[in-house]
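K.L.:
Residue numbers (our numbering), protein chains in the order written: chain C, 1 to 603; chain U, 604 to 964.
Certain hints may be false.
Quick list of simulated restraints, FRET-style, between CB atoms [stated by the list, open to error]:
no. : chain 1 : residue 1 : chain 2 : residue 2 : range
1   : C       : Asp-589   : U       : Ser-807   : 21 to 31 Å
2   : C       : Asn-362   : U       : Asp-687   : 49 to 59 Å
3   : U       : His-793   : C       : Lys-172   : 54 to 64 Å
4   : C       : Arg-563   : U       : Ser-875   : 13 to 23 Å
5   : C       : Pro-530   : U       : Asn-867   : 38 to 48 Å
Keep in mind that the hints were calculated from the coordinates and are not lab data. C-beta atoms are modelled at their ideal positions from N, C-alpha and C, and glycine is treated no differently.
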Amino acid sequence: MIKQENIRNFSIIAHIDHGKSTIADRILEITNAVSLHDSKNQMLDSMDIERERGITIKLNAVELNYHYKNEDYILNLIDTPGHVDFSYEVSRSLAASDGAILVVDAAQGIEAQTLANLFLALDNDLTIIPVINKIDLPNADVDKVTKELMDTFGFSKDEIILTSAKTGVGIKELVEAIIKRVPAPKGDIKSPLQGLIFDSIYDSYKGVIILTRIKNGELKKGDKIKLMSTDAIYDVTEVGVYTPSVKEKEKLVCGEVGYFWGSIKSINDVQIGDTVTLESNPAKDMLPGYKKISQVVFAGLYPTETSRYNDLRDALEKLKLNDASLSFEPETSHALGFGFRCGFLGLLHMEIVEERIEREFNIPLIATSPSVVYEVKLTNGEIIRIDSPQKMPEKTNISSVSEPYIKTNIFTPAEYIGPIMELCQNKRGNYINLEYIDAKRVIIHYELPLSEVVYDFFDKLKSSTKGYASFDYELIGYKESNLVKMDILINGEIVDALTTIVHKDFAYQRGKVVVENLKKLIPRQMFVVPIQAALGSKIIARSDIKALRKDVLAKCYGGDVSRKKKLLEKQKEGKKRMKQLGTVMIPQDAFLAVLSNEEINDE
Amino acid sequence: MTNSVYIHIPFCNNICSYCDFSKVYYNNDLVNKYLDSLFLEVKNNYQGEIINTLYIGGGSPSSLSIDNLNKLNDIIKIFKLSSDIEFTIEVNPDDITKDKLLFYKEMGINRISIGVESTINKYLKYLNRRHDFKLVQDKIKLIKDMGFSNISVDLIYGMKDETLHDLEKDLNNLLSLDINHISTYSLEIHDNTLLGINNDKRISDDFDRKMYDYIDNYLEKNGFEHYEISNFAKYKTYSQHNLVYWNNLNYYGFGIGASGYIDNIRYQNTKSFTSYFLEKRIINKEILSNEDTISYALILGFRKIKGINKNDFYNRYHVDILSLYNIKDLIKEGLLIDDGKYLKINKEYLYVENSILENFV
Numbered sequence: 001m002i003k004q005e006n007i008r009n010f011s012i013i014a015h016i017d018h019g020k021s022t023i024a025d026r027i028l029e030i031t032n033a034v035s036l037h038d039s040k041n042q043m044l045d046s047m048d049i050e051r052e053r054g055i056t057i058k059l060n061a062v063e064l065n066y067h068y069k070n071e072d073y074i075l076n077l078i079d080t081p082g083h084v085d086f087s088y089e090v091s092r093s094l095a096a097s098d099g100a101i102l103v104v105d106a107a108q109g110i111e112a113q114t115l116a117n118l119f120l121a122l123d124n125d126l127t128i129i130p131v132i133n134k135i136d137l138p139n140a141d142v143d144k145v146t147k148e149l150m151d152t153f154g155f156s157k158d159e160i161i162l163t164s165a166k167t168g169v170g171i172k173e174l175v176e177a178i179i180k181r182v183p184a185p186k187g188d189i190k191s192p193l194q195g196l197i198f199d200s201i202y203d204s205y206k207g208v209i210i211l212t213r214i215k216n217g218e219l220k221k222g223d224k225i226k227l228m229s230t231d232a233i234y235d236v237t238e239v240g241v242y243t244p245s246v247k248e249k250e251k252l253v254c255g256e257v258g259y260f261w262g263s264i265k266s267i268n269d270v271q272i273g274d275t276v277t278l279e280s281n282p283a284k285d286m287l288p289g290y291k292k293i294s295q296v297v298f299a300g301l302y303p304t305e306t307s308r309y310n311d312l313r314d315a316l317e318k319l320k321l322n323d324a325s326l327s328f329e330p331e332t333s334h335a336l337g338f339g340f341r342c343g344f345l346g347l348l349h350m351e352i353v354e355e356r357i358e359r360e361f362n363i364p365l366i367a368t369s370p371s372v373v374y375e376v377k378l379t380n381g382e383i384i385r386i387d388s389p390q391k392m393p394e395k396t397n398i399s400s401v402s403e404p405y406i407k408t409n410i411f412t413p414a415e416y417i418g419p420i421m422e423l424c425q426n427k428r429g430n431y432i433n434l435e436y437i438d439a440k441r442v443i444i445h446y447e448l449p450l451s452e453v454v455y456d457f458f459d460k461l462k463s464s465t466k467g468y469a470s471f472d473y474e475l476i477g478y479k480e481s482n483l484v485k486m487d488i489l490i491n492g493e494i495v496d497a498l499t500t501i502v503h504k505d506f507a508y509q510r511g512k513v514v515v516e517n518l519k520k521l522i523p524r525q526m527f528v529v530p531i532q533a534a535l536g537s538k539i540i541a542r543s544d545i546k547a548l549r550k551d552v553l554a555k556c557y558g559g560d561v562s563r564k565k566k567l568l569e570k571q572k573e574g575k576k577r578m579k580q581l582g583t584v585m586i587p588q589d590a591f592l593a594v595l596s597n598e599e600i601n602d603e
Numbered sequence: 604m605t606n607s608v609y610i611h612i613p614f615c616n617n618i619c620s621y622c623d624f625s626k627v628y629y630n631n632d633l634v635n636k637y638l639d640s641l642f643l644e645v646k647n648n649y650q651g652e653i654i655n656t657l658y659i660g661g662g663s664p665s666s667l668s669i670d671n672l673n674k675l676n677d678i679i680k681i682f683k684l685s686s687d688i689e690f691t692i693e694v695n696p697d698d699i700t701k702d703k704l705l706f707y708k709e710m711g712i713n714r715i716s717i718g719v720e721s722t723i724n725k726y727l728k729y730l731n732r733r734h735d736f737k738l739v740q741d742k743i744k745l746i747k748d749m750g751f752s753n754i755s756v757d758l759i760y761g762m763k764d765e766t767l768h769d770l771e772k773d774l775n776n777l778l779s780l781d782i783n784h785i786s787t788y789s790l791e792i793h794d795n796t797l798l799g800i801n802n803d804k805r806i807s808d809d810f811d812r813k814m815y816d817y818i819d820n821y822l823e824k825n826g827f828e829h830y831e832i833s834n835f836a837k838y839k840t841y842s843q844h845n846l847v848y849w850n851n852l853n854y855y856g857f858g859i860g861a862s863g864y865i866d867n868i869r870y871q872n873t874k875s876f877t878s879y880f881l882e883k884r885i886i887n888k889e890i891l892s893n894e895d896t897i898s899y900a901l902i903l904g905f906r907k908i909k910g911i912n913k914n915d916f917y918n919r920y921h922v923d924i925l926s927l928y929n930i931k932d933l934i935k936e937g938l939l940i941d942d943g944k945y946l947k948i949n950k951e952y953l954y955v956e957n958s959i960l961e962n963f964v
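Produce the entire structure from the sequences given, and follow the hints as far as they go.
P.N.:
Here is the structure:
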């Protein structure tokens, strides 16, 4: 058995696209965890969505072996997501680690999430190994980035490791630096078991599989365990590690990272951040765990076919198992029927959840426009929190409305300061200040209403800076705003799922944009369909969808007959993904259109 | 009972810019080989019924030489033709000769469908057609002189930049030909056609509809009955063969790329010469359930302006048409009209009928 002092638990943190997953792949190869032949790119990104989008969403833990100076080592690599939405998951994997590799792109330098993730790592008291990656790129500027790392974070030049995950340069040095610099896990094998639960996965055959970092004691197959915050007790059927393939073991000991399962069917018993101990010899205290996560974006998710409500509930429950940051509760919409009000960490998180439900559970969805949580002060002095525009009380009962604000860290080359400030200004931002990292790069700080950021801020930022700016934010509290509820009427009927909260000064302009966008997104129907935006009973904008003028197969003779039927079937199938409101068919994306504040292009 | 035959002749002397049918350039050796295979297909599959309608389409059946026609006639002779058969051949104006017309007569052909498509030179050029209106006038006169009285012309509308004025000119010219049947088609642009490859765009649906309504008005005013979405006829000279399709009746389809409907099977033939020559003909077979059959009956039957005869429908499918799908709702919404004897699509919605028909699949 490997000695505790020969175990290293580490994570890799990086801004998105800086090469985190590729470095992980190379480390897997050098430790012979996978052969070069069967390696798909980005092996740790196991979800299709992760590979397709080139992002990491879920964390993963892999046990690797390395022989160094006549000693065998176990390296546990705990992968982390890079996107700002998932910083919560980052903090979870960091809590299971003793060290972190901080990856910075040799051409891009330090970016917003580099900073955010580094601070998370420092909060967790981790040893940091700075790495400059992609040194093979023609536009790599190692000297400049080295200086950034030294000036901004105080690393010394000797600490920094230069790699090219693409060519493999520097990977061996990096792995050996992990062994040399990251401390061995502390903890006592003789103490009562304390394992930090940092993730769980639902398997329809095995039940809940729990990922844990053993902080003290040991966990064996056959043990009777107790989950400390819920007092649930289970027999352990199997323990093991991922290498990345599943490898069963007799036990997990102090310092190790691995999985266990044991017919845990009740999803609610397992809480991420909880401590697992033994029933017979329980630990006195729970591990610190994580701070409770708060969702910042809420939206309704509805099955397009109302009969699939229960399937959607099952899907959400299963997703929640390994996505503790997702919350949901039943919600009813007049327009959409029964669904769930779901809370997310951000827009990307929301998109990912939607996509997983549609792909993994095959449930076509309609998502309503995302909303933040508003604080409404009523005339009777009571303060209520509203996570859905529909729940906004009558105007006469409202004394004031506050909305959440964020402070931005926007990293950008100095030449884009102008466009970024214009963008923030348009999003109702208050300028705070501007910090120069060096002569050419700055960090811009703004105060922005969160609601202005949730929809398209990130896309806008990217497009107005040719992709050079990066963005991160922190919530800074609530501020009072002049907010009103804007309803949308389709064919004369209010569609509750399209109701939004808007700033009064922007309502007319927003209303006009929304009706125009809906006009473009909703296909022509058999009849003329008026679309209106209204504040209370006052119509502030209107646009009509013209009636469908042509939808016919002009020629239909012997050879065209089967084609005609197939075409109709396809057309019908396409409409299945739309929601029928009265006689009007509305496509899924129309429900998101209410948040855009500029007109979309035709086609 | 199958009393109708479609025969596909996949050869052309010239390829039109919009055509996505099965066709190749004319080549005498290939034609002969093809006719040999066609002979076998007919011989092996025809069950000896009396044939009431026979349609030779393409491609360009008029590309066949007299020698080829002799061979084709050997195939036609296999069929027991009814004495009042409607026997149509599709022709291109530039292919027609007196000798060919004489031979058509001899074969028993009594209806000529001629691809006029446009009468304006710039659009003929755009469509890559090789004739002008003068030639069409001459050839139609020749056809009439040879004693053919049942003549149909095709018209394509919706070419890029075409105006209503152009359309009026086309329609006027067609009327001047004094023919009895007109089929009109809005130009479709398919991939793998010259127009598709050039990335040409279709006209807007709004203008398309304007043209369609214009044609409808114009032809009805001039004595043509609009009897099917794309077809107009004088003196009830409806295309009997095409009515077989729209009435959901059986028909044989012979030749490359042809489709047929026999008993409860709809089938498609291969588009590959190699497979066809090896007698590996059928590439797709759809065995119809009762529900499928009814679905097709509605999809096809509603193409007729007159609609579907409710009694005939009941006698044939043993179900009340009004009880099917959401037909009652569609009547309430004004999309379908029940005139007592017939159930039909409200003419206002004919050109958007797919949105109605999708309820029936």
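K.L.:
So, for every hint listed, does it hold in this structure?
P.N.:
The hints, checked one at a time:
Taking 21 to 31 Å as the suggested C-beta distance range, the pair Asp-589(C) and Ser-807(U) conforms, at roughly 23 Å. Checked against the hint of 49 to 59 Å, the pair Asn-362(C) and Asp-687(U) passes, with Cβ atoms roughly 56 Å apart. As the Cβ distance of His-793(U) to Lys-172(C) is approximately 57 Å, the hint placing it in 54 to 64 Å holds. Our hint of 13 to 23 Å for Arg-563(C) and Ser-875(U) holds, since their Cβ atoms are close to 18 Å apart.
Evaluation of the 38 to 48 Å hint for Pro-530(C) and Asn-867(U) yields a pass: the beta carbon distance comes to about 47 Å.
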